[in-house]
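Model the full assembly from the supplied sequences, consistent with the hints where possible.
The chain contents come next:
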Amino acid sequence: MLLTSCDSDVDAGEFVVGSDNLSVNNKVILIDTATVEVSTINFDSLVTSGQSRILLGNYDDPIFGKVKSDSYFQVSSSSYNLQTTSSDLEGANYVFDSIRMVLVPDKYYYGDTTKVQSISVHRLLQKVKPNTDDDNFYNNSSLNYDAANIGTRTFQPKPFRQDTVFVKMDNTFGDALFQKLKKREITNEDEFIEYFKGLAIRSTSENSSCVLGFQSTAVLQLYYSKKVTDSETSLLKEFTIEDVSKQFNRISLDRTGTILKDLPGTTQRLSSDLTENKSFIQSGTGLACRIDFPNIKQLKYITEKGTIVDAQLVIRPVNNTYSKTYPLADSLNVYVADQLNRIGGALTSASGSSIYAVLNKDNDEFDENIGYSIPLGTFIQNEMVKKSDSKSALILTIPNIFKAVDRLVLGNQKNTGNKIQLKIYYISY
Amino acid sequence: MKNTIAILFFLILIPFGSFSQSLSSSPYSIYGLGSLYDSDFGSISAIGSSGVALPSDRFINNLNPASLGFMYRNHFLFDVGGKGIQTSYQDLSKKENRNNVQFSHIAFAFPLSTKSAFSVALKPYSSSGYKISDYKLPIQDSNEEYTLSTTGTGGLNNFDISYAYRIGKKLSLGLSTSILFGSTTENREYIISNSQTTIDKESSYNGARLNFGTQFKVDSTFTIGANLKSPSRVNATKVQSVTTYNATLEASNTVESDVKSDTDDYYLPFEFSVGISKRFKNNLNLTMDYEKAFWENTKQADMYGSYLNQEKFKMGFSYRKEKNFRSYFDRVQFSTGLNYDSGFLEIENKRIINKSVSFGISLPIDNAFSMLNISYSYGQKGRISNGLIKENYHKISVNLSLDGIWFVKRKIE
Numbered sequence: 001m002l003l004t005s006c007d008s009d010v011d012a013g014e015f016v017v018g019s020d021n022l023s024v025n026n027k028v029i030l031i032d033t034a035t036v037e038v039s040t041i042n043f044d045s046l047v048t049s050g051q052s053r054i055l056l057g058n059y060d061d062p063i064f065g066k067v068k069s070d071s072y073f074q075v076s077s078s079s080y081n082l083q084t085t086s087s088d089l090e091g092a093n094y095v096f097d098s099i100r101m102v103l104v105p106d107k108y109y110y111g112d113t114t115k116v117q118s119i120s121v122h123r124l125l126q127k128v129k130p131n132t133d134d135d136n137f138y139n140n141s142s143l144n145y146d147a148a149n150i151g152t153r154t155f156q157p158k159p160f161r162q163d164t165v166f167v168k169m170d171n172t173f174g175d176a177l178f179q180k181l182k183k184r185e186i187t188n189e190d191e192f193i194e195y196f197k198g199l200a201i202r203s204t205s206e207n208s209s210c211v212l213g214f215q216s217t218a219v220l221q222l223y224y225s226k227k228v229t230d231s232e233t234s235l236l237k238e239f240t241i242e243d244v245s246k247q248f249n250r251i252s253l254d255r256t257g258t259i260l261k262d263l264p265g266t267t268q269r270l271s272s273d274l275t276e277n278k279s280f281i282q283s284g285t286g287l288a289c290r291i292d293f294p295n296i297k298q299l300k301y302i303t304e305k306g307t308i309v310d311a312q313l314v315i316r317p318v319n320n321t322y323s324k325t326y327p328l329a330d331s332l333n334v335y336v337a338d339q340l341n342r343i344g345g346a347l348t349s350a351s352g353s354s355i356y357a358v359l360n361k362d363n364d365e366f367d368e369n370i371g372y373s374i375p376l377g378t379f380i381q382n383e384m385v386k387k388s389d390s391k392s393a394l395i396l397t398i399p400n401i402f403k404a405v406d407r408l409v410l411g412n413q414k415n416t417g418n419k420i421q422l423k424i425y426y427i428s429y
Numbered sequence: 001m002k003n004t005i006a007i008l009f010f011l012i013l014i015p016f017g018s019f020s021q022s023l024s025s026s027p028y029s030i031y032g033l034g035s036l037y038d039s040d041f042g043s044i045s046a047i048g049s050s051g052v053a054l055p056s057d058r059f060i061n062n063l064n065p066a067s068l069g070f071m072y073r074n075h076f077l078f079d080v081g082g083k084g085i086q087t088s089y090q091d092l093s094k095k096e097n098r099n100n101v102q103f104s105h106i107a108f109a110f111p112l113s114t115k116s117a118f119s120v121a122l123k124p125y126s127s128s129g130y131k132i133s134d135y136k137l138p139i140q141d142s143n144e145e146y147t148l149s150t151t152g153t154g155g156l157n158n159f160d161i162s163y164a165y166r167i168g169k170k171l172s173l174g175l176s177t178s179i180l181f182g183s184t185t186e187n188r189e190y191i192i193s194n195s196q197t198t199i200d201k202e203s204s205y206n207g208a209r210l211n212f213g214t215q216f217k218v219d220s221t222f223t224i225g226a227n228l229k230s231p232s233r234v235n236a237t238k239v240q241s242v243t244t245y246n247a248t249l250e251a252s253n254t255v256e257s258d259v260k261s262d263t264d265d266y267y268l269p270f271e272f273s274v275g276i277s278k279r280f281k282n283n284l285n286l287t288m289d290y291e292k293a294f295w296e297n298t299k300q301a302d303m304y305g306s307y308l309n310q311e312k313f314k315m316g317f318s319y320r321k322e323k324n325f326r327s328y329f330d331r332v333q334f335s336t337g338l339n340y341d342s343g344f345l346e347i348e349n350k351r352i353i354n355k356s357v358s359f360g361i362s363l364p365i366d367n368a369f370s371m372l373n374i375s376y377s378y379g380q381k382g383r384i385s386n387g388l389i390k391e392n393y394h395k396i397s398v399n400l401s402l403d404g405i406w407f408v409k410r411k412i413e
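Here the protein sequences come in this chain order: W and U. Going by my numbering, the first sequence opens with residue 1, and the numbers climb by one from there. Going by my numbering, the second sequence opens with residue 1, and the numbers climb by one from there.
Please keep in mind that the hints were generated in silico from the structure rather than gathered at the bench. This list has only true hints and no planted wrong ones.
The calculated lysine-lysine pairs, modelled on DSS-like cross-linking and capped at a C-alpha distance of 27 Å, are:
no., chain 1, residue 1, chain 2, residue 2
1, U, Lys260, W, Lys387
2, U, Lys299, W, Lys305
3, W, Lys27, U, Lys350
4, W, Lys27, U, Lys238
5, W, Lys305, U, Lys238
None of these values were measured; they are calculated from a predicted model.
Right, dumping it as structure tokens:
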């Protein structure tokens with residue numbers, strides 16, 4: 001009876017003495033002085049085929065240079081008869097009316113949409129077939145096209161209203177195509193593509209200021225009619241992008257005269273120290289932000305035994321580099337890469353789901369809290385304890401990297417006002 | 001006789017298992033090896049825990065091994081006790097009551113000859129029992145906080161083997177070896193940013209310490225005593241598991257699992273106590289002790305907390321009529337005492353002082369010296385101020401001191 005001890009009341013644990021002593025055995029340390037190196041890299045080839053978007057337009061970016069996107073694609077049809085029930089007798093009565101290209105906006109735009117856009121449509125002189133070993137086209141791929149256009153259009157972009165853009169096309173071209181079909185000289189896809197290899201749509205406006213996305217359901221419409229008696233029936237033959245892998249965008253950036261003019265090759269990096277303490281990301285053209293943690297291994301020596309329990313990287317967009325015209329992306333993709341910018345995979349949680357850099361939009365007066373935060377606890381801990389000398393880096397891109405031209409300017413550790421910040425939480429045990 | 005001894009041994013061995021549990025709960029016991037424990041044998045708890053100069057004639061006096069030199073021949077003493085404590089904890093904003101029942105000690109002593117005696121005792125040395133929930137602490141050099149929850153239990157046991165030898169009629173010398181052993185368990189949970197870290201630690205301790213005591217009977221009513229405790233090192237090892245979990249990254253990481261390692265040993269200071277016992281008019285007895293422990297020399301602030309030298313002043317009176325040995329009431333002893341303990345902990349630049357007043361009654365339960373000792377103490381520990389709390393406690397101690405003379409008598413008969 002005397003040998004048992006018991007607490008008859010529940011201890012809620014609300015009484016604390018000597019709080020200083022509580023941190024004696026296990027020290028909690030916040031390290032915010034670790035070096036973070038920020039640089040810009042350039043992926044020279046992004047796969048732009050199969051993205052289901054016709055990206056057209058050009059604009060002169062005040063920071064990045066001249067951005068331009070042209071689109072190339074192959075069209076085809078389900079059948080090459082003029083009329084399914086046609087007989088030769090009837091067919092003789094068909095006459096060509098007109099031909100046009102129909103482009104439907106997909107709500108994507110980047111830049112200033114108040115200025116008019118001009119586009120021109122050209123016939124391809126070669127088939128839409130990749131030059132490379134794989135089946136992809138890249139942002140720097142191009143195909144020969146006829147310099148003479150077969151249609152042009154100037155329009156006011158209204159991406160939200162999704163006002164369809166109709167491009168009236170050359171009747172000579174249209175009639176020639178019509179005659180091929182009428183005379184049954186084209187009866188299948190191979191014959192059709194041999195004759196009509198595809199289209200290139202170019203952005204031609206000198207002072208265009210935005211890039212627009214159109215749905216890949218773009219249609220080439222051939223109108224013809226049947227003249228039997230006095231009555232006239234209008235008929236339509238449609239050609240569509242049946243295979244989205246046969247459509248790609250050539251997205252280019254002319255960096256001449258900009259801060260980015262010295263951007264090195266794919267395996268190199270351009271330190272943000274040389275670019276006004278800024279790093280640059282641009283979808284479509286392959287600019288990405290690279291982040292290195294050169295001294296993480298030294299954290300091992302903070303205490304005899306310790307572990308990193310959490311880490312938070314906050315990277316901030318540079319003030320005055322974003323606006324309503326050039327909006328910030330809500331999140332960024334985060335990849336783990338080696339010294340040569342080769343991506344090993346996305347940064348993931350333990351269960352394998354991707355981790356994104358998420359924009360904190362809590363506005364304050366000076367936008368000081370605007371930044372992308374990335375939870376890096378596991379990554380930094382692994383880098384610290386890694387046995388080998390190799391160091392991993394992070395590469396940030398905008399999620400629409402393959403089919404858009406969004407861009408972002410980020411600050412490094414020396415950027416006053418928009419400083420990148422790494423917080424590492426460490427506990428000794 | 002044999003059976004009784006066997007039972008006593010059994011009673012002594014049983015507690016080894018249960019000793020390691022938390023004996024008391026006090027927020028202050030987060031320091032060091034826990035709160036140190038006064039196991040007052042016999043009626044000592046009623047006289048302010050004083051008694052360095054008291055002989056072990058009617059009960060085992062654990063305050064001075066030399067007291068055994070004055071044991072009566074043919075007596076066999078046994079002492080077992082327990083305590084019930086109600087404590088109210090109070091800080092600047094709140095108050096909370098907790099009750100606690102504790103095993104105190106078990107001991108027996110027997111003379112080896114007319115001049116020498118031997119005793120063994122098992123008692124707690126320290127006990128640790130605390131809990132802190134969701135306490136926010138600042139991260140150094142930042143404006144961020146982390147949250148700590150922790151519970152601690154356990155404590156150290158003290159197994160004493162004592163021997164005393166009396167030289168002549170007046171001087172007794174005693175030697176005691178205290179074997180300290182036990183373990184404390186601490187579970188800590190940290191919430192730091194988006195992570196949760198659990199550190200489970202079991203620390204095991206063992207060590208030994210020598211006590212040297214002496215008592216001198218100046219005359220039949222006046223005795224002086226002294227006791228020295230050697231400084232000692234208590235070896236410490238720990239078995240620790242550390243796991244972290246990061247909610248955002250869904251990542252759990254076993255940093256270490258049941259890893260055994262050496263940890264900072266614990267140092268016990270040199271201590272001495274001196275005391276007097278004086279009887280007036282053959283029935284009122286005064287005891288006064290002074291005790292000092294040199295904790296500052298142990299220099300273990302980095303690990304176990306900031307320690308100061310500790311002083312204790314103890315005083316007690318006990319009264320027994322004992323005019324008529326046949327009268328039960330005349331053999332009842334009444335006691336009262338005061339105890340002041342400066343403490344050795346310094347928290348927030350303040351000493352944790354413990355002071356108490358006690359009253360007791362000792363009821364004879366046979367015709368020999370067997371007594372049931374019941375005492376009540378009221379005390380205060382600590383104070384209400386920033387970072388400190390005050391504990392007000394009511395303590396009932398019940399000790400059974402058995403005198404085994406009848407066993408021997410039967411043998412003699």
